[in-house]
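**Student:** Given the coordinates of chain A, assemble chain B onto it according to the supplied hints.
Here is what each chain is made of, one letter per residue.
There are 2 protein chains.
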Amino acid sequence: MQSDADGRLTPGGGTDALFWGSLFRDLDREGSFLQLQIRQIIVSAIENGRLPLGARMPSSRDLAAVLKVSRNTIVIAYEQLIDQNFLIARERTGYFVAGLPKHIGAAAREPGGATRDDGRWTSRFAHRPSTYRNIVKPLDWQAHPYPFIFGQFDPGLFPTNDWRESARAALSVPEINNWARDLIDGDDPALIEQLQLQVLPRRGIRARSDEIMITIGAQHALYLIAKLFITPTTRIGVEEPGYPDARNIFGLLTPNVVPLRVDSGGLVLGDEFENCSLVHVTASHQCPTAVVMPLARRHALLQAAQSHGIILIEDDYDGELMPEEGELPPLMSLDRGSSVLYVGSLSKALAPGLRLGYVVAPAPVIRELRALRRLMLRHPPLNNQRVAALFIGLGHYRSHLARVGSVLLERARILDRLLPQHLPHCTWSRGAGSTHYWVSCRPGTDTVKLAELARAQGVVIEPGDVFSIDEGSARHCFRLGFSSIRTERIEAGVERLGKVITQTG
Amino acid sequence: MQSDADGRLTPGGGTDALFWGSLFRDLDREGSFLQLQIRQIIVSAIENGRLPLGARMPSSRDLAAVLKVSRNTIVIAYEQLIDQNFLIARERTGYFVAGLPKHIGAAAREPGGATRDDGRWTSRFAHRPSTYRNIVKPLDWQAHPYPFIFGQFDPGLFPTNDWRESARAALSVPEINNWARDLIDGDDPALIEQLQLQVLPRRGIRARSDEIMITIGAQHALYLIAKLFITPTTRIGVEEPGYPDARNIFGLLTPNVVPLRVDSGGLVLGDEFENCSLVHVTASHQCPTAVVMPLARRHALLQAAQSHGIILIEDDYDGELMPEEGELPPLMSLDRGSSVLYVGSLSKALAPGLRLGYVVAPAPVIRELRALRRLMLRHPPLNNQRVAALFIGLGHYRSHLARVGSVLLERARILDRLLPQHLPHCTWSRGAGSTHYWVSCRPGTDTVKLAELARAQGVVIEPGDVFSIDEGSARHCFRLGFSSIRTERIEAGVERLGKVITQTG
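Protein sequence lines correspond, in order, to chains A and B.
Take the first sequence: its position 200, counting from 1, is numbered 200 in the numbering used here, and each next residue is one higher.
In short: position in the second sequence from 1, add 505, done, that's the numbering used here.
Chain A on its own, in the form it takes in the complex (with noise of 0.2 Å):
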């Protein structure tokens, strides 16, 4: 650009459309909303400097030209950018960049100082959370054409129109004031009266909506009744394989996370159980063998938890997911002594970036969690606690889930029949409703390096040794989810799959 007489920035002939041309290199063309990108780079360039305070804009038929865009959607732009006093428009002269107020202060925090002195801060956490063991999944999952992963999202899968519809809902003004509100330690009382109505029945459990609570997903609840209940003394059994981020939690707040054994009808009873003070368990598909505890083994589960006052935290963390014949009522629905604190979940039926989790417990229980939550973050976000509750009162909840739980059950059929053609040397497991597989490699296998293997040739798969406090005895298990892979992709993968794990062995 050029300076005028009065050293304003003008157009000044090709060097102009270069730099504009540059400005918006990153526009979308193809994407939606082109009059928003095109508002968002401009405010961009302006509070980044590239557009200083007086710089002469485009007409909006140069900018339209130079962007290829149609010429109103320059004009909408332009508008509303002088609405918010970014740019103010001189009559017969044109569009300039308006001063923006000036910012508090001349002192500036530098970034990055304290980088390099990492040894500082080292010595005064008490705690080191970055070193815990988890699960690891690629972030660029979908990137790769087979995702055998567990609980992510399918964009296939996910209910656009209709969440689209209870979102725009959410966004009227008397629905605005509704969420807008901080309700200290309370949650919308519209999304309670919908899972009482329509979420708990589909497990056999009835509650009242003071035994409800809604969390930041069902992590969140495990974390919230660790803390009410755990203290370093408390003794806490996990199931071994299990649940390794429970096992994280629960090993924050006591030394003593007790290991308990599972076997083909899940997690075993005995000695080691009745002396913990709480057990954390998944009755429904144990995680991550995905198998089914029997009914004979709940009813003694729970008469066993009442008579040695044992508290069972219940993860039913993808309980209703996909109906299958064989599935079981949770144990909440068992319990006639109140041992159970249930959790469940609605992130993993629409979508985990939501983070909505709830749990189910006795009102006294429900009180404390909700004192404790209060101090924590208050509530879950409420327009999106008020956007569910429009979802699963519309309906929209009940037929996402009727088709999800087809096209689920439908890649089971075909895993079913696949695994042995391709999988010869393995064995599994799968439970009635589980999504996903368990599935044993021969002795020796080590699903780390398979699963590196794999990822090469487009196959994800999870490695089965962050499941296990003995780091070697699930190493050779890996699990194999089938809620975010395409229908049409399994069959491709698991050959894939099937020739990487040939070559391994």
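Hints may contain errors.
[Said to hold, decoys possible] Ranges between beta-carbon positions, derived for each pair:
1. P679/B with S123/A: 42 to 52 Å
2. G604/B with G326/A: 15 to 25 Å
3. L532/B with S473/A: 51 to 61 Å
4. K573/B with P174/A: 12 to 22 Å
5. S677/B with T93/A: 49 to 59 Å
6. I919/B with D83/A: 22 to 32 Å
7. D975/B with R50/A: 46 to 56 Å
8. G326/A with F630/B: 32 to 42 Å
9. E584/B with G326/A: 33 to 43 Å
10. R25/A with A570/B: 58 to 68 Å
11. R50/A with S769/B: 39 to 49 Å
[To be verified] Partner residues are not named here, just some residues of chain A that face chain B (Cβ under 7 Å, in silico):
12. E47
13. L171
14. R367
Bear in mind the hints are in silico, worked out from the structure with no lab data behind them.
Where a beta carbon is used, it is the ideal one built from N, C-alpha and C, also for glycine.
**Tutor:** Chain B in isolation, oriented as in the chain A frame:
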């Protein structure tokens, strides 16, 4: 309703209109989304059994007549319910309630079973957070004409159209694919970028992306920092009087919460301060006294923190709401010794119900905070992060703050003028940029009682006792906020408040 020869429920004259009228009793004809309301009511009635399997629905014409809505509204609602399998249409016969899939098993937990044996649970809790002393705001404060409360939602200031624009943009398919994912310990990079570009510079803070983390409101940031740094032997200093939620959070983790004196320049330095390893500080506007820490003390505080290895948790809770002459840069922007962890909030400027806050800290600290947050709840909902990123990126945040700032400043000017007039026996403080006053009544005044009397006159204030560890010391003080009261109501509200104070004193 009556049954026909096939046992089906049929319309049966007069009682029918009564039944349908009663079913739709709560229909809000003035409300938006009439068609959605009708669908929600029908879905609920099917789920709770008021409309049993096979029940015959009125014709669209009849229902439209009963509800006094357009027939087309009913036609669209019925079509959607047929698509969702809640209703079926039989040719020439009408619409009928379709069969819902069976719920799991027959077992059903009875609600309310454990309420009576409260004591059984009480003995198991590691903490009793419900017994902590907290700020109490009447939940129905919006129903009072003169709500002088702090930090709550003002429907008149919410940027409805701009928020809607951003929220709708986040419902495009590519955006859904962005936010629906589980990012494990990550945040939306677009929101981090907007904090760097537009939000933090307003406070004189520059930060790299690995020095920022999003939280479920500022309070969640305090909780995470506390959990990362505090062991039972940690001495953590809090301002006295100070923010009760911070005090309660720290008290969950250590018995050594040390009250530090506050004067008209905020937190006072000295031996007590120097013996702490962490200190929570509200330098911009001390909570609750609203005084501003002078620049010289800020530098002295930073110097002392650096010399003694004290970590300062700077809670900049309403830093940017109301730009006013005399404001000073936050500690973090002055800090050359990396002693400060900075906590900020977007909830106050937008809507508390959204729960969006953030931490700025050295990268090694953010790394551990992310690992801890991952254990606790993974990440704040990503759809809200994306909407906020769009809102800020489109320039709405800046123009919203400009508007809010000028409205709040006007309210402060009015109160500056009215308080001496109507509260002649009180004194008060309000530092530059603070959106509340800290009012001291005559010694001996009980502001808990005063608040009750005021509420009976429609005036809401916040009693001061809860801000102090020593309950008695601030009992004659109260907080008078003006971010939620309508400007034109201030005069009448202060007048009423003045009368109540005069009558009480």
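**Student:** So, for every hint listed, does it hold in this structure?
**Tutor:** Cross-check of the supplied hints:
{"no.": "1", "hint": "P679/B with S123/A: 42 to 52 Å", "result": "holds (44 Å)"}
{"no.": "2", "hint": "G604/B with G326/A: 15 to 25 Å", "result": "holds (22 Å)"}
{"no.": "3", "hint": "L532/B with S473/A: 51 to 61 Å", "result": "holds (60 Å)"}
{"no.": "4", "hint": "K573/B with P174/A: 12 to 22 Å", "result": "holds (20 Å)"}
{"no.": "5", "hint": "S677/B with T93/A: 49 to 59 Å", "result": "violated (36 Å)"}
{"no.": "6", "hint": "I919/B with D83/A: 22 to 32 Å", "result": "holds (27 Å)"}
{"no.": "7", "hint": "D975/B with R50/A: 46 to 56 Å", "result": "holds (54 Å)"}
{"no.": "8", "hint": "G326/A with F630/B: 32 to 42 Å", "result": "holds (38 Å)"}
{"no.": "9", "hint": "E584/B with G326/A: 33 to 43 Å", "result": "holds (36 Å)"}
{"no.": "10", "hint": "R25/A with A570/B: 58 to 68 Å", "result": "holds (59 Å)"}
{"no.": "11", "hint": "R50/A with S769/B: 39 to 49 Å", "result": "holds (44 Å)"}
{"no.": "12", "hint": "E47", "result": "holds (5 Å)"}
{"no.": "13", "hint": "L171", "result": "holds (5 Å)"}
{"no.": "14", "hint": "R367", "result": "holds (6 Å)"}
The structure fails hint 5 only (numbered hints given earlier).
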